[in-house]
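According to the numbering used here, the residues represented by the sequence shown are 1 to 54, in order.
Everything labelled a hint here was simulated from the structure, so no lab data went into it. Even for Gly, the Cβ is constructed at its ideal location relative to N, Cα and C. Check each hint, because a few of them may be wrong.
DEER-style ranges, computed between Cβ atoms [unchecked claim]:
no.: 1; residue 1: Ser50; residue 2: Gln15; range: 36 to 46 Å
no.: 2; residue 1: Asn7; residue 2: Ile35; range: 35 to 45 Å
no.: 3; residue 1: Arg22; residue 2: Gly46; range: 48 to 58 Å
no.: 4; residue 1: Phe42; residue 2: Leu20; range: 19 to 29 Å
no.: 5; residue 1: Ile16; residue 2: Gly49; range: 48 to 58 Å
no.: 6; residue 1: Phe41; residue 2: Leu20; range: 19 to 29 Å
no.: 7; residue 1: Lys51; residue 2: Gly9; range: 43 to 53 Å
no.: 8; residue 1: Asn7; residue 2: Ile43; range: 47 to 57 Å
no.: 9; residue 1: Lys47; residue 2: Ala19; range: 48 to 58 Å
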Amino acid sequence: MGSEGQNLGEEFSNQINDALSRLATKQMFQSDWDIAAFAIFFIFIGKCGSKQRA
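Hey, can you work out the whole structure from these sequences and the hints?
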């Protein structure tokens, strides 16, 4: 019974490490269009937020 829990914990740890390594190697932006869309979105959010404060 102890070895089953150990195997389960080891398998869970392996899955977490695999998921984290995939996140670490993934590029956030795939193209220039992604960067442009991201910038436009945050400019829009910034403008909407500044109008509510005034």
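message = Are any of the numbered hints broken by this structure? If so, which, sorted upward?
response = Of the numbered hints given earlier, those the structure breaks are 3, 5 and 9, listed in rising order.
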